[in-house]
Structures are given as C-alpha cells and as structure tokens.
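Chemist: The listed protein sequences correspond, in order, to chains A and B. FYI, the numbering used here numbers position 217 of the first sequence as 217, with every residue one higher than the one before it. FYI, the numbering used here numbers position 382 of the second sequence as 382, with every residue one higher than the one before it.
Check the hints yourself; a few may be wrong.
Unchecked claim - With a straight-line Cα cutoff of 20 angstroms, these simulated EDC-like cross-link-like pairs (lysine to aspartate or glutamate) come out:
| no. | chain 1 | residue 1 | chain 2 | residue 2 |
| --- | --- | --- | --- | --- |
| 1 | A | 9 | A | 428 |
| 2 | A | 327 | A | 428 |
| 3 | B | 93 | A | 290 |
| 4 | A | 288 | B | 97 |
| 5 | B | 93 | A | 242 |
Keep in mind that the hints were calculated from the coordinates and are not lab data.
The primary structure of each chain is shown beneath.
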Amino acid sequence: MMSHRFTDKKGRPVVVVTGMGLVTPLGWGKQGNWGALVEGRSGIKPISRFPTDGLRTTIAGTVTPQNGCFSSAPGLTIEMARFAAEEALAEARMTDPSGFPGPLFLATPPAELEWPQRQALLEADVAGGLSGYKRLLAAARTGQFRSFFETFQFSSVADHLCVAFQPRGLPVSVSTACASGATAIQLAAEAIRRHETDIALAVGTDSSVQLEALIRFSLLSALSIRNDEPAAASRPFCRSRDGFVMAEGAAALVLETRRSAIERGAQILGVVRGCGEMADDYHRTRSKPDGSAIIGAMRNALADADAAPDEIDYVNAHGTSTPENDKMEYLSLQTVLGKNNLEATPVSSTKSMTGHTLSAAGAIEAVLSLMMIGAGTLLPTINYHDPDPEIPLDVVPNSARNAPVRTVLSNSFGFGGQNAALVIGAPD
Amino acid sequence: MASGREAWITGIGLVSSLGDGAVDHGLSLRRVGGNPVVECESFSPNCVHPLVAFDVASQIHSKNDLRQMGRWQQIGVYAAGLALADADVAGRKELLDRIDIVAAAGNGERDPELDMRILENRRIWDAEEDAIGPAINDALQTGLRPTLYLGELSNLLAGNIQIVHKVTGSSRTLKGEEMAGVSAVENAVRRIAAGQADIVLAGGALNAERQDLLLGYELGCNLWAHPYQPVWQRMEAGSGGVIPGSVGVFLVIEAREHALARGARGYAVVQSVASGRARRSQPGEIRDSLESLFDTLSQGLATGPLAVLSGASGVARATAEELAFLDSLDERHFAPVIRAYGSRLGHAVEAHFPLGIALAALALSQGRFFPPFDDAGDIEVESGEVGPLERVMVTGVGHWRGEGIAAVERIPAGRVG
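Turn these sequences into a full structure, and let the hints steer you where they fit.
Modeler: What follows is the structure in structure tokens.
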C-alpha cells in the first residue's frame with residue numbers, strides 16, 4: 001500500500017466514509033429510501049399531527065414514528081437520529097459495546113417547549129390562583145415535569161445519543177440553520193484532519209414540523225401553499241415553484257481516516273474531499289444579490305478538496321424550490337463551474353422528493369450523494385414539468401439516470417447567511 | 001494532542017449586570033466586598049442579574065437591524081462589536097472577511113405578551129377538546145410577528161454579527177447549554193493551533209430577564225428560589241442553585257503569529273482546553289471527569305498556587321463535586337485559590353465559560369488575581385493568595401451535563417488590561 005494514499009495533497013489524512021444511515025419522509029433506512037427515490041416518489045403529504053385549520057400551509061414531509069405515535073419534536077428528532085446512527089454504525093461494523101471510539105458531531109434544530117407541554121403545565125394543580133407564566137413556573141417547580149426538561153434542553157438530543165452509543169468526549173451540537181448537516185460533517189472532518197481522532201460520527205436530525213415553526217416559516221412567506229397537490233408541491237427549478245416544503249429526517253455518517261478504515265478492513269463508501277463555508281452579511285433570509293457568499297462557500301470547498309471545477313460530475317443542489325434560492329444557486333453555480341462546464345453537469349434537487357429537512361438536509365444529501373456514487377445512478381428532480389427558462393440546467397428531470405459519478409458538489413445554504421458546501425468523492 | 005500555534009486573546013467585549021466593557025469589569029471585580037446587582041422581585045421567588053443600561057445604538061447603528069433582533073441577540077451583537085473594536089479589527093474589511101465566528105447560543109426569545117394572551121385566554125382552554133387546536137392556530141397565526149422568528153433562531157445571533165459587523169469568514173453556532181460555550185472556545189483554540197483558522201470571534205450571550213428562559217431551567221428545578229447568596233452557599237439547599245445573569249461576551253482569539261504580524265498584543269494565551277461528559281448516574285462521576293480533564297491540562301503546569309475562576313452554577317450536586325475536585329488538587333501539589341465568578345455575574349449558561357476565559361485574560365493582563373467574590377463564606381476567603389499571576393484555570397461544569405476546563409496563561413510583555 002503506497003503511503004501517499006493516506007494523505008491528501010495538503011498532507012492531511014484522507015477522510016473516508018465507512019457507514020451511513022438514513023431516515024426521510026420516504027422511510028426508515030437506506031434501502032427503502034433508495035428504492036423510493038430511484039422511482040421518483042414524493043414523501044410530502046397533508047399534516048395530520050396537529051389540526052391545520054386556518055393555516056396557509058397544511059402539507060409537509062412528516063416522518064411517522066416507528067410505533068406510529070408522535071410525542072414531541074425532540075422525541076422524534078432523537079428517535080430518527082438513533083435509527084440513522086445505528087444503521088451507520090452497523091454498516092461501519094462499529095458496534096463494540098464499550099462504545100464508539102470517536103467524538104460525536106450533531107446537527108439539531110432549536111428545541112423549545114411546544115403548546116401541548118404548555119397546556120400540560122397550565123393544567124397542573126398549583127396553589128395560589130396564579131396565571132400565565134407565573135403559573136407555568138409554579139407547575140415546573142413541583143418537579144413533576146422533569147421529563148420535559150430532559151427532552152427540551154439543547155443538549156438533550158446529543159445526550160440521548162451519548163447514552164445509546166457512548167462516543168468519546170463531549171458531544172458537539174451545531175446549528176447553521178439549513179446548512180447544519182453539512183457543518184456537522186465539516187466539524188468531524190476537521191477533527192480528523194487535526195489528528196485528534198481517527199474516527200468520528202456525524203449526525204444531522206430534524207423534526208421541525210410543529211405548529212409554531214410551520215406558522216413562522218409561513219409568515220416569512222417561505223413555504224409552498226400548494227396544499228391540494230402535496231406530492232407536486234416541491235418543484236425546484238420550475239417556473240411555478242412557490243416555496244419550500246418543510247420536512248423531517250435524519251442521516252448519520254461514520255467518518256474515519258483511510259488508514260484506519262483499511263487497517264480494520266472496513267468498506268470505504270466514499271471520500272469527504274473538501275468542505276467550504278462562507279458567511280453572508282447581506283440579509284437574514286436572503287443571500288447577497290451578487291451571490292458572493294454562496295459562490296465563496298463552493299469555491300472554498302473546491303479549493304479545500306484541491307478539485308478543479310471540471311472534476312465535478314454532479315451537483316446535489318440546495319434546490320429548495322423557493323423562487324429566490326433556485327435562481328441564485330443557478331447563477332452562482334454558473335460562476336463557480338463556468339457556463340460550459342455547468343451545461344454538461346447534471347444538477348438535481350432531491351428535496352423535490354424529500355422536502356426540505358432543514359438541519360438534517362446537509363447530512364441527508366451527503367448520504368444520498370455517496371449512494372449515487374456507489375450505484376452509478378443519479379437521483380432525479382421530480383415535478384419538473386414547467387422548467388424555469390431562466391434556469392437552463394440539466395436537472396435530471398423526473399426520472400433517475402444511470403451515469404458514472406466520481407465527484408459530487410453538495411450545497412447547503414442556511415437562513416442567517418450560513419453557507420456550506422462539500423466535495424464528496426468516489427472511494428478510490 | 002500536539003500543540004501547535006498559540007491562541008492569543010487579542011480582544012474582549014463584555015457587558016453584564018456589573019458594567020459595560022472590560023475595563024468596567026476589572027474595576028468592579030477588584031472592589032473588595034463589592035455587591036452583585038440582583039433583581040429578585042420581578043421574577044419572585046427567583047432572582048436574576050439584570051443587564052446594566054448600555055448604549056446599544058453605539059454598536060448597532062441601524063434601527064431596522066435592531067428591530068429584527070431579540071434582546072439576547074442585541075446583547076451579543078453589542079459585545080461582539082466591543083471585542084472587534086478592542087482587537088482593532090472593527091471596520092477592517094480585509095480582516096473581517098477572514099474572521100471565523102463561533103457563537104454559543106441557546107434559543108432566542110419568545111414573545112411573552114403573546115404567550116400570556118394565549119395562556120390567559122379562557123375561551124381557548126375552555127373550548128371543546130377538538131376546538132382547542134384550531135383556536136391556538138388562530139391566535140398564533142394572527143399574533144406571531146414574522147420578524148420574531150428570526151429573533152428566536154439560535155444561529156441568528158451569529159447571523160446578526162455577520163450583518164452588523166461584516167464578519168464573513170465563516171459562521172458556526174454551537175448549542176448545548178454551558179457546553180456550547182466550552183466547545184466554542186475549544187473549537188477556536190484547536191483550529192488556531194492546527195492552522196485551520198487564524199482569527200476567531202468566539203462567545204455568546206444570555207438575556208436572563210425572561211420568563212420563558214426561567215421556565216426552561218425550572219422544569220428541571222434548577223433555579224435558586226431564595227434571597228441572593230453567593231454560589232458556594234447555595235449548595236446546602238440541596239437542589240436548584242442557579243441565579244441566571246444577563247451577559248454578552250465575545251473574544252477575539254488569534255494565532256500568535258497573526259497577531260504579531262499586524263501589531264496586535266494579547267491579553268493572555270489560552271494554553272489548553274479540555275472537555276468531557278460524565279454520565280452522572282453515580283455520585284463522584286463529575287469529580288472523576290474533572291480529574292481526568294485536569295490530568296490532560298496540567299501536563300507542563302508548575303505546581304504551587306493555582307488561581308481558579310470557577311464557573312460553578314450553584315446547582316447542588318455539580319457544584320459540590322466541583323468543589324471536591326478543587327479540594328483534591330492539593331494531593332497533586334496545587335493550591336487552588338478559588339473565585340466563583342457566578343457569585344458576582346450570575347450564571348450565563350452558554351456564555352458562562354467564555355465569560356470565565358474573558359475574566360481570566362483580564363486578570364492576567366493586570367498581573368494579579370481578583371479578591372474573593374464570596375467574602376462571607378470560608379471557601380474563597382480561606383483559599384489564600386496567588387501572588388503575581390501567571391496562569392488561571394477556568395472551570396465550566398454544566399448544571400445538567402458536561403464538564404470543561406481551560407488553562408489561560410500570561411503573555412510576557414503582553415497587553416496591559
């Protein structure tokens with residue numbers, strides 16, 4: 001074995017992926033998801049978790065808990081993350097009962113009490129004729145609601161994963177909004193490149209389809225209101241796109257040095273070649289009109305990977321289906337890859353099928369990118385019947401396509417101007 | 001881990017109940033017998049340390065920007081601006097474009113008036129079971145302000161720092177209560193050591209004067225519900241001991257070479273940061289965790305008097321086990337001189353560990369440690385003096401989860417604070 005294969009051109013350890021796990025609105029587990037995605041199925045449906053009377057948007061890509069019974073957003077966030085991590089660890093053959101021998105990096109959504117919990121507190125028996133927050137605080141003080149505390153802390157999701165998988169050290173929970181999943185992978189890759197660890201677990205998970213989050217995104221006019229045809233609502237790059245569709249899911253990746261993977265005989269599924277990011281200073285929900293921050297994030301990822309623009313065989317777009325994102329992403333890709341290159345490069349948005357899984361999206365889409373590399377199959381952009389003439393892309397329209405893929409650029413752009421991009425390569 | 005480049009603190013931005021700016025804090029904390037600023041009526045029976053009045057517009061010029069932020073974001077963006085100015089990087093685009101933000105954040109602020117209107121609206125709660133949901137939908141849909149969501153998202157503290165101060169290298173927000181702050185400092189220092197970053201803006205903010213925040217902590221019965229006492233004297237009550245404190249703190253942490261090349265001087269160097277997570281299912285596990293972190297940290301640390309800025313929260317078990325750990329340091333020939341800074345500033349959760357690092361840097365740049373913050377109890381008074389200050393250990397023990405410690409050291413010929 002030539003030693004240079006263990007380090008990249010910058011002399012850093014090569015970071016490979018040896019295990020992956022996946023949950024999306026299309027199902028629990030990689031295999032079922034892959035079948036549905038290759039068929040071009042949509043996971044979007046009417047919301048049944050809470051009453052949607054009077055709401056502008058009544059559809060989402062919800063994930064049904066395995067026992068069929070939804071308890072709370074963090075509860076489902078934890079369940080999905082656990083499932084995805086278990087699947088990834090099993091594939092990586094990392095199931096030593098003494099625990100996972102590396103750190104955990106976790107992308108999670110904000111956590112806060114929801115109205116069912118506030119209602120329970122309000123209805124608790126407390127003395128003194130209190131009302132409002134005073135009453136909720138008095139109810140909390142009785143100690144009857146510790147389970148809420150242990151579920152709704154920001155460290156709760158990480159904590160549950162620590163109990164289940166016993167990673168090393170302190171878990172790191174990260175939020176860069178819709179780029180969080182990619183940032184978790186970046187944090188893990190950086191730790192490995194610093195020689196702090198040979199192996200790390202990166203997880204992205206999100207179950208944000210709860211009442212307030214839905215209303216808030218709705219008030220920002222960010223969501224599709226195509227309630228009468230849920231499966232056709234997420235339509236990235238179409239002229240008639242009218243917003244994103246909130247969705248839930250989780251993905252987990254075991255990252256390790258190529259040396260570690262080869263020494264322990266693990267199967268290498270792909271390489272995290274480069275990570276790039278750049279923050280935007282323009283607006284809280286919109287990117288700079290010149291696209292410079294998302295262009296910078298992509299260019300930084302290519303530079304980090306030592307990849308030339310023409311090496312990119314396929315782009316897994318952020319592709320949210322909002323009027324603004326898809327146009328900006330196209331223009332920025334044109335700048336980064338070059339007009340001619342871009343014409344020859346397929347760019348699809350798997351969010352057309354899964355919806356936008358928010359904090360989990362970057363991790364889910366990294367897993368899908370690796371699966372596409374493994375299968376030699378490009379997943380499609382579905383619902384593409386109405387191409388936006390201003391976005392002339394090969395979006396892999398409507399059906400999957402067989403094509404060799406060696407190098408993928410996967411984009412994630414978040415509210416708050418936090419942009420991340422990953423360059424993911426074939427195993428060898 | 002092989003240590004690489006030194007991580008210098010070249011800028012401190014600080015606002016709290018005690019004052020506005022690092023200088024204010026130095027003066028206030030050196031005042032022997034200085035009183036903490038505590039508000040115990042508005043949130044009775046709980047206390048908080050309310051933020052000092054500060055001129056937010058001096059750092060956030062645009063009214064439109066201000067309107068789009070919750071108060072915790074305003075506090076953090078203000079402190080970040082102070083830190084950038086203190087490090088002499090404010091307004092310097094060529095540097096700002098390369099600064100990486102690592103923010104430690106919880107959730108933002110709810111609209112308490114809307115929550116109250118809904119909670120106190122009997123027509124909602126007395127309705128038929130299946131009419132409650134639609135009534136809440138209606139109340140939220142008409143009551144929630146679109147901008148408020150952006151005030152609530154954790155990553156929008158950093159997002160607002162990008163917009164207001166034009167810091168655009170990269171931006172990451174870490175979460176997880178106290179450990180978010182530990183990880184933010186640790187991540188900044190490690191990236192600098194390894195050459196993955198040259199200059200980082202790290203810190204956090206807490207607005208303690210919020211009932212929704214208090215509720216989150218009281219669900220675990222973590223709050224102090226008696227008249228003010230210093231941190232070490234809250235342990236005996238046996239449970240909740242947190243008095244939250246409003247704080248905004250950001251640090252400019254910079255590679256030594258980078259600082260020298262631009263003529264910047266450091267307050268102190270963050271020599272190392274270590275973190276862990278005890279299971280906390282058995283007594284003693286927090287102490288064991290701290291001891292093993294100390295083993296990593298203390299390599300190369302001369303024995304003798306050791307100044308300790310403790311981030312103890314006052315929650316009984318975590319605080320008692322931290323104290324037991326500190327007491328055991330004499331077995332390793334260290335004599336800890338302990339100051340729990342939460343006694344004066346309150347517990348700033350996500351911002352608490354960066355706050356401890358900021359105070360350590362301040363003390364080191366002034367060459368001497370702080371007088372006791374708890375002058376009625378014996379723990380601080382009897383722990384003695386350190387003499388000329390060369391290093392400070394900062395501890396951060398999560399009230400629920402996680403442990404972190406850092407060693408901060410004097411820079412010879414460094415900046416005088």
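Chemist: Against each hint, give a clear statement of whether it holds in the structure.
Modeler: Hint by hint, here is what the structure shows:
1. A distance of roughly 15 angstroms separates the Cα atoms of residue 9(A) and residue 428(A); the hinted pair therefore holds under the 20 angstroms criterion.
2. Annotation: proposed proximity of residue 327(A) to residue 428(A) is violated, straight-line Cα distance about 34 angstroms (limit 20 angstroms).
3. For the proposed pair residue 93(B) and residue 290(A), the alpha carbon gap of about 18 angstroms is at most 20 angstroms, so the pair holds.
4. Restraint check for residue 288(A) and residue 97(B): the C-alpha separation of about 15 angstroms stays at or below 20 angstroms, so the hint holds.
5. Distance hint between residue 93(B) and residue 242(A) is unfulfilled; the C-alpha atoms sit about 36 angstroms from each other, more than 20 angstroms.
In summary, the structure is inconsistent with hints 2, 5 from the numbered list given earlier, while agreeing with the others.
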